[in-house]
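Going down the list, the sequences are from chains A and B.
Numbering-wise, the first sequence is residues 1 to 443 according to my numbering.
Numbering-wise, the second sequence is residues 1001 to 1476 according to my numbering.
Read the hints as simulated data drawn from the structure, not as lab findings.
Fair warning: this is a prediction, and the values are worked out from it, not measured in the lab.
Quick reminder that beta carbons are idealized off the backbone N, C-alpha and C, glycines included.
One or more of the hints may lead you astray.
In silico BS3-like cross-links for lysine-lysine, where the CA-CA straight-line distance does not exceed 27 Å [stated by the list, open to error]:
#1 A:K3 with A:K80
#2 A:K142 with B:K1020
#3 B:K1282 with A:K59
#4 A:K245 with A:K80
#5 A:K56 with A:K3
#6 B:K1206 with B:K1194
#7 A:K87 with A:K68
#8 B:K1282 with A:K56
#9 A:K337 with A:K87
#10 A:K397 with A:K350
#11 A:K68 with B:K1319
#12 B:K1319 with B:K1206
Stretch by stretch, here's where chain A covers chain B in the computed footprint (C-beta under 8 Å, at least three residues) [said to hold, decoys possible]:
#13 1067–1075
#14 1426–1433
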Amino acid sequence: MSKHVVIIGNGVAGVTAARFIRKLSDFRITIISEESAHFFSRPALMYLFMGHMTWKDVKPYEDGFWEKNRIDLVHDRVEKIDTQAKKLHFRQQQPLSYDVLILATGAQSRFIGWEGEQLEGVQGMVSLEDLNQLEQQAAHIKRAVVIGGGLIGIELAEMLHTRQIPVTFLVREASFFDIVLPPEESEIVNDAIRAHHIDLRLQTETDVILGSDTVEGVRTNTGEEIPCDFVGITIGVTPNINLVKDSPIETNRGVLVDALLQTNVPDVYAIGDCNEFREDGIGHRRVDLLWYTAREHGKAVAKTICGHPTRYDRGVFFNSAKFFNVEWQTYGQVPAKLPDGVATLVWQDKTVPRLIRMNYNKADHIVLGFNTLNIRLRHDVCEQWLLEERPLDYVLKHLRAANFDPEFFRSYEEALLYQFNQQNPERPVQLKPRPSLLQRLFS
Amino acid sequence: MSGYDVSLQLTSPTHGFTGKERVGLGLVGLGVLSLVAAFFGAASVNPLAFSLVSFGLLGVGAWVYFQRYRERPAGIDNDGLVFSSSTARGALGWVLGVVLTGGYILLYWWPETIAGLIQLANPIVAWIGYGEDVYSKRWVFYGMVYTFAVVVMGIRMLYKYRHNRYQILRTISVVFFQLGFGFILPYLLVMFNKPEFYFHYFWPLKYDYLWPSGVNWLSNSAAIGVFMVFWGGVMTVIATPILTYFYGKRWYCSWVCGCGGLAETAGDPFRHLSDKSLNAWKIERWMIYSVLVFVVVTTGMLWVNSATQGAVLGGLSQKFAQWYGFGIGLVFAGVVGVGFYPIMGSRVWCRFGCPMAAILGIQQKFFSRFRITTNGGQCISCGNCSTYCEMGIDVRWYAQRGQNIVRASCVGCGVCSAVCPRGVLKLENGSRTARYNGPVLIHEDRVSVQTDASWQMGRGTAPSVLEDIPILTDNS
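All chains should be modelled from the sequences, with the hints used to inform the complete structure.
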């Protein structure tokens, strides 16, 4: 009888784990989800609401995929984990025994305890349930307030905007997402938010959410009352550990794991947004709520479970997002505030919202990271340069090799080099010449 | 819920029907009304004036309506597309599908029933000296309407994708080829008593150009006709494989071809309706290669027949030719190919039927430098790429695995790359080595591991390199 691996949660972490376990073994695999019968792309939820895609479109695999790959799906809620008997108890169906359990329960909206949070018309935006709740109200929302200037907040503002709902966007920080984005980037995004007719209120915090049964408004810390009939709370997400709270599985903010993604209970692993590393690892935070890291967790745990113990390592950091019509990519380390000993080179297009930034050590000029807005860079080239610790002049000289913009897009390399040479006349850099047409045709 | 101040800076004037959009749609409505009147014979008094007024109203109305794109910030704007009746197989979509399909049927087999409309072509017919009967001049009428649709909807494309230079240049290219090579040049040739020849169509899409009948017809027109035969042959046999080797089939399908031109302009609002399922892909392969075999066999038989003066095949090759012309040339490419836009997406013919696309596809798959590169690990599996692929390619399937996309059917329209919210896809021509799996960053078999041999854990020492793990199954 082969081992039975049970995965709670059918997000990208759980599904990636299942797929790789299937590739590496003949274990029996079961994925459990209360949220949806099939895996869907969580970042794509916004496109459902905006009318870009249908439910079918946001499912990365056809429904027949799971049976074909012998992955059992259970659409039910786990009520209790019995780690002694290695058994799961459900709301509806019969208990299920496991040999190995993977917790991939994801994250949930963070609430802060404001007065009025429980009112009707106040919600987060993380799950399919959240989306359905929003959809049911959407036709009647006359005016919305979104609280929290992060990735989900700006997406929610955009979603509401596409339904012609006026949005007031309350951002605590002095500039949008300025805990992550350096000032120039943040300013470009501020402009994009305003260009889409969002009422952006910077340095504005929520005091209290008003209303008796249903929400009627928000009072800010400046004393202003903004009338509204919908409030989106998007001040962040936090690991979803509700299920394991009353079990022997140790938790802190998330389910505590070691570098092998093992919990304190044998044969129980935790991956994706729900986990928290016991120690700081190389290059990753203890709680790391990202799509990409969840996927890597899934791969690593699959290898470990299939007999190839594999420590999770985030590798060279990367991320991306889209703020309205501004695409953001980042590779390596580009913190919002320039650390001591680090210099930055930033170029902005004068006519369109477009930016490229490189951070480098002042001492040895080694490049530490890239940030771009509406410029696409090649992931593999950037990662290679960062791993090889290339100095700035090398990177600048070869910058065209990292260009991932669609063909015929206006190049920026010359302008960036020109600016750099103006600012640093003592060490001018020449861009490596573009290969000739013949070279390009036969490379 | 009264008392909400929606008049601050934040009111959103960009969506729904603004005054300008209403004006635009109103003008389009008047243009349609004018066409209805023409249908009932009203145009006979002054076809030129009627033609100008009808198409003028439609064109100006559409232009006014398309300002909606210009008034919103540049960027991908598919808001509400899958909710809209016209673009989500709603009532409007079905009505449009029936009108288009029925229109083709009437035009092809009962043109006399729409003689009133066809009269709108009278001024051009008279000017260039085309056949005056309804059976001849319907083709001029068809060319007018087709070109008009490509130009007007091309303008929409230019507004919608004005932030994307690939889309801008590509749209200008297809509009140029339709207007110049698909409309003006052929009728200029007619005006000067030369064969009506389309320099941008080749065998096997324009099958009769290399059939004995077509070759004879052309070579009877002195030097220019011989050149046209030569041109068609060279394009089919020499230029096509070379260009496809360097640029993929997109050099033709989404930059030059008239069918592609209509799909990329008038068809753009329907591109997401293509079926992405594995089943559809299977049907696609059976159908398109069957059509290819059909046209090759038919062409071969016609030439054998012609060489043997009918001694071997008798009337059989003619029967094949007739059936091909009817079943594929008219019904599939025309009636179904365009009529089904609002139901099955804009590339039904190109995907399931076009033998030219079949040949180019084989070249693209096996003998080309073209691919769509996937950018490392940035994919979030959202599915915009697959949804907006008019050819029904499940682009995400490859992108989320970190694989490049090398598919016979890809026409290189570049919309997957345009709609990607994370900058994951890039259409490229490049070295054929590692064409499928160029930058392997999140490749299926790779997991980031630390090369720290001293790491101790309960079960021993973690290996530092895990690239050699056997993969048991590869069906996921």
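Hint check against the structure, violated hint numbers in rising order: Checked against the structure, the hints that fail are numbers 5, 9 and 11, while the rest are satisfied.
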